[in-house]
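Student: Each chain is listed here by its residues.
2 protein chains.
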Amino acid sequence: MSYEIIDLINKWKIFAEDLDSRHVLFMFFIASTKTSTIPGISVAGPDPFSTLYTPTLDVEYLVLGKPRTIDMVPITPEGIPTPALITKAVFNLIKPSYLIVDSGVFREPKIPFISIPHKTVGGRIDEEDALPKDFAHKIFEESRILGRILSNKKMFIIIGESMPGGTTTAMSIIESLGFKGLGRTSSSSPNNPVKLKIDVFKKALARQGSFSSDYDVFRLIEIFGDPLHISIAGFVIGALERESKIMLAGGTQMYAVLSILKRLKTDLNGKIIVGTTRWIVEDITSDIKGLAREISPEVPLLYTKIDFKDSPYEGLKYYEKGYVKEGVGAGGSILTAQIIYGLSIDEIKKEIFREYERLIGSGYVKENR
Amino acid sequence: MSYEIIDLINKWKIFAEDLDSRHVLFMFFIASTKTSTIPGISVAGPDPFSTLYTPTLDVEYLVLGKPRTIDMVPITPEGIPTPALITKAVFNLIKPSYLIVDSGVFREPKIPFISIPHKTVGGRIDEEDALPKDFAHKIFEESRILGRILSNKKMFIIIGESMPGGTTTAMSIIESLGFKGLGRTSSSSPNNPVKLKIDVFKKALARQGSFSSDYDVFRLIEIFGDPLHISIAGFVIGALERESKIMLAGGTQMYAVLSILKRLKTDLNGKIIVGTTRWIVEDITSDIKGLAREISPEVPLLYTKIDFKDSPYEGLKYYEKGYVKEGVGAGGSILTAQIIYGLSIDEIKKEIFREYERLIGSGYVKENR
Numbered sequence: 001m002s003y004e005i006i007d008l009i010n011k012w013k014i015f016a017e018d019l020d021s022r023h024v025l026f027m028f029f030i031a032s033t034k035t036s037t038i039p040g041i042s043v044a045g046p047d048p049f050s051t052l053y054t055p056t057l058d059v060e061y062l063v064l065g066k067p068r069t070i071d072m073v074p075i076t077p078e079g080i081p082t083p084a085l086i087t088k089a090v091f092n093l094i095k096p097s098y099l100i101v102d103s104g105v106f107r108e109p110k111i112p113f114i115s116i117p118h119k120t121v122g123g124r125i126d127e128e129d130a131l132p133k134d135f136a137h138k139i140f141e142e143s144r145i146l147g148r149i150l151s152n153k154k155m156f157i158i159i160g161e162s163m164p165g166g167t168t169t170a171m172s173i174i175e176s177l178g179f180k181g182l183g184r185t186s187s188s189s190p191n192n193p194v195k196l197k198i199d200v201f202k203k204a205l206a207r208q209g210s211f212s213s214d215y216d217v218f219r220l221i222e223i224f225g226d227p228l229h230i231s232i233a234g235f236v237i238g239a240l241e242r243e244s245k246i247m248l249a250g251g252t253q254m255y256a257v258l259s260i261l262k263r264l265k266t267d268l269n270g271k272i273i274v275g276t277t278r279w280i281v282e283d284i285t286s287d288i289k290g291l292a293r294e295i296s297p298e299v300p301l302l303y304t305k306i307d308f309k310d311s312p313y314e315g316l317k318y319y320e321k322g323y324v325k326e327g328v329g330a331g332g333s334i335l336t337a338q339i340i341y342g343l344s345i346d347e348i349k350k351e352i353f354r355e356y357e358r359l360i361g362s363g364y365v366k367e368n369r
Numbered sequence: 001m002s003y004e005i006i007d008l009i010n011k012w013k014i015f016a017e018d019l020d021s022r023h024v025l026f027m028f029f030i031a032s033t034k035t036s037t038i039p040g041i042s043v044a045g046p047d048p049f050s051t052l053y054t055p056t057l058d059v060e061y062l063v064l065g066k067p068r069t070i071d072m073v074p075i076t077p078e079g080i081p082t083p084a085l086i087t088k089a090v091f092n093l094i095k096p097s098y099l100i101v102d103s104g105v106f107r108e109p110k111i112p113f114i115s116i117p118h119k120t121v122g123g124r125i126d127e128e129d130a131l132p133k134d135f136a137h138k139i140f141e142e143s144r145i146l147g148r149i150l151s152n153k154k155m156f157i158i159i160g161e162s163m164p165g166g167t168t169t170a171m172s173i174i175e176s177l178g179f180k181g182l183g184r185t186s187s188s189s190p191n192n193p194v195k196l197k198i199d200v201f202k203k204a205l206a207r208q209g210s211f212s213s214d215y216d217v218f219r220l221i222e223i224f225g226d227p228l229h230i231s232i233a234g235f236v237i238g239a240l241e242r243e244s245k246i247m248l249a250g251g252t253q254m255y256a257v258l259s260i261l262k263r264l265k266t267d268l269n270g271k272i273i274v275g276t277t278r279w280i281v282e283d284i285t286s287d288i289k290g291l292a293r294e295i296s297p298e299v300p301l302l303y304t305k306i307d308f309k310d311s312p313y314e315g316l317k318y319y320e321k322g323y324v325k326e327g328v329g330a331g332g333s334i335l336t337a338q339i340i341y342g343l344s345i346d347e348i349k350k351e352i353f354r355e356y357e358r359l360i361g362s363g364y365v366k367e368n369r
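Residue numbers (our numbering), protein chains in the order written: chain A, 1 to 369; chain B, 1 to 369.
Fair warning: there could be bad hints in the mix.
[To be verified] 25 Å max Cα-Cα, derived DSS-like pairs, lysine-lysine:
#1 A/Lys133 <-> A/Lys153
#2 A/Lys138 <-> B/Lys271
#3 A/Lys154 <-> B/Lys153
#4 A/Lys153 <-> B/Lys321
#5 A/Lys95 <-> B/Lys321
#6 B/Lys271 <-> A/Lys271
#7 B/Lys154 <-> B/Lys95
[As the list claims (entries may be wrong)] Simulated restraints on C-beta separations:
#8 B/Asp18 <-> A/Arg207: 26 to 32 Å
#9 A/Lys153 <-> B/Asn10: 43 to 49 Å
#10 A/Lys202 <-> B/Leu64: 51 to 57 Å
#11 A/Glu128 <-> B/Gly65: 35 to 41 Å
#12 A/Glu282 <-> B/Arg354: 44 to 50 Å
#13 B/Leu64 <-> A/Glu243: 16 to 22 Å
#14 B/Leu64 <-> A/Glu282: 42 to 48 Å
#15 B/Lys154 <-> A/Arg293: 45 to 51 Å
#16 A/Arg107 <-> B/Glu78: 44 to 50 Å
#17 A/Glu243 <-> B/Leu19: 55 to 61 Å
Bear in mind the hints are in silico, worked out from the structure with no lab data behind them.
In this text the structure is predicted, and so the values were computed from the model without any measurement.
Positions of the beta carbon are idealized from the N, C-alpha and C atoms, including for glycine.
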């Protein structure tokens, strides 16, 4: 098969049983954390400050085919474009329902989006709290309301995200909630700055003074987290209350969401899966399987076996060297196209190449062959 | 049957054919027009200025069970509560997916909602333009984008609204677009201020000087309209592009949306219906059937035959005297419960009475028996 299911305690069958009859909805949560501006932390933008614009440009490009706030598709310092291009290509094929949710982005996107009350840009966690007091709980509850009103028992909701710095705050959330996070989250760079990330966490710890992972979950998120993961966790709980089924479409970051859900004693059995890419699962600088085993063995981990070895474009071949890997629901959208819409990897790749060509044609991406 | 279908040119059957298999989504568009503050125009609030808060309080109550921005459920000067209570009661029973869209409300609601770029509160059309230059087209296009991304060919989308002053601007839109609007739109008061509404339109005309209904549709909306109806029209066109089916859940106002759609030469055959209440269809101060015949004979008009003659509460008996009648998708939500969910009028009424009782119990409504 062109995708694989890592099903640690045999829950995929329960999850999959009525999947075909459900209404598919994609949700993209966006937010910013100033943690992404720490030099060396994130390559999800041409330079540290620009990473604050990436979520906005990602979703504008996804919705409109081109960005609006700044006329620039997010690229790494090497010029490799955002993984949103994969999601966009898949959407060209399957035309699903989808929505954007702003949980606290630096610049509101210039497209219709759902606004979460109390949304706020996350602080730089090595120097300041991630969120003002009580905001983690507020953002959680507001997002839960959204999950509750939007979803129902006939829905399959695929949740993607865009927030540079997210693997750093995710690591920090996982670790602070009492799981083993350090050195386990991935990166959009092949040179995962693990040491720097751990330094950031240590500074957050030092800033905080005394600390125990038994602290209130919401307080821990305010110190060590960001607005995004707590918002997704709230949304998921609201949607599960209405019996939706959920795919967390992302890499190691989604285990920050799962660590919150587990600490809140949410029943996840047969209700939720993680969907990502081969590049994440094979990444030797992180450990998604270890995260899955420790945090949520009842949550099947799916990944698409897509590869860009035969890509005519260098920018995509870079994925095979460990660049980008995942983001903006890229892996989950491919998996959805495979599993629900029955598309082949070849059809999907052909459209990704076409979309890449289009980005070159419109001048957003330079091809350095 | 406890609902009736006025199907002028035999399109209901085409519309209904695959309805049961579609995913139901309710959308509530809210906006404000300062036209509602003209004394005597609107009773959708305890006084003219308060009508500006009504949409916000309506949707907060719908989502949370109680308002948040001000601790007050919208009432008429007589103390009769908002028709949102009907929608709320129906939602207690059917628990559908739904979303709120802000197209330009005076106060943003304190709940998750979709924000439309360029949204703006509408001007008082007897004194000033409804919208700044180019905004009608911008709001239309942004809403169309929302319709396009959110919907797909497996959806049935029911669109409700809350905007006091809406029957006045709707009348003005219909008339300015070249249909017969004057004296044909309804009111939440039994004493429909038809003369005053026509005066407002005449003042808008005089303010404008020369005028022809051949003008660009968007320019006419900027002079005579409001942000709400053009936003709904844009959304509908976007959703129809994706083959969703649509119910416009409202009274005579929805013919302002249809008049825009017709002027834009949208194909509506078998794709869209209007759903409302008996109180609107039987209203002698307006003419929904005339509007249907003239503007969109291909769009079936459905109405629920609910009555509150046997209501234990005076506030609901007032509906039988011509108060309130419709709003916040009340008629369409009852029809959806009847047609899609197979509920009986008696079950629905029982829950409406329970919800009314709850509003009395929590002190939001006084019962003057």
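Student: For each hint, tell me whether it holds in the structure or not.
Tutor: Here's how the hints hold up against the structure:
| no. | hint | verdict |
| --- | --- | --- |
| 1 | A/Lys133 <-> A/Lys153 | violated, 34 Å |
| 2 | A/Lys138 <-> B/Lys271 | violated, 40 Å |
| 3 | A/Lys154 <-> B/Lys153 | holds, 16 Å |
| 4 | A/Lys153 <-> B/Lys321 | violated, 39 Å |
| 5 | A/Lys95 <-> B/Lys321 | violated, 48 Å |
| 6 | B/Lys271 <-> A/Lys271 | violated, 34 Å |
| 7 | B/Lys154 <-> B/Lys95 | holds, 19 Å |
| 8 | B/Asp18 <-> A/Arg207: 26 to 32 Å | violated, 58 Å |
| 9 | A/Lys153 <-> B/Asn10: 43 to 49 Å | violated, 35 Å |
| 10 | A/Lys202 <-> B/Leu64: 51 to 57 Å | violated, 41 Å |
| 11 | A/Glu128 <-> B/Gly65: 35 to 41 Å | holds, 36 Å |
| 12 | A/Glu282 <-> B/Arg354: 44 to 50 Å | violated, 57 Å |
| 13 | B/Leu64 <-> A/Glu243: 16 to 22 Å | holds, 21 Å |
| 14 | B/Leu64 <-> A/Glu282: 42 to 48 Å | holds, 46 Å |
| 15 | B/Lys154 <-> A/Arg293: 45 to 51 Å | violated, 37 Å |
| 16 | A/Arg107 <-> B/Glu78: 44 to 50 Å | holds, 46 Å |
| 17 | A/Glu243 <-> B/Leu19: 55 to 61 Å | violated, 22 Å |
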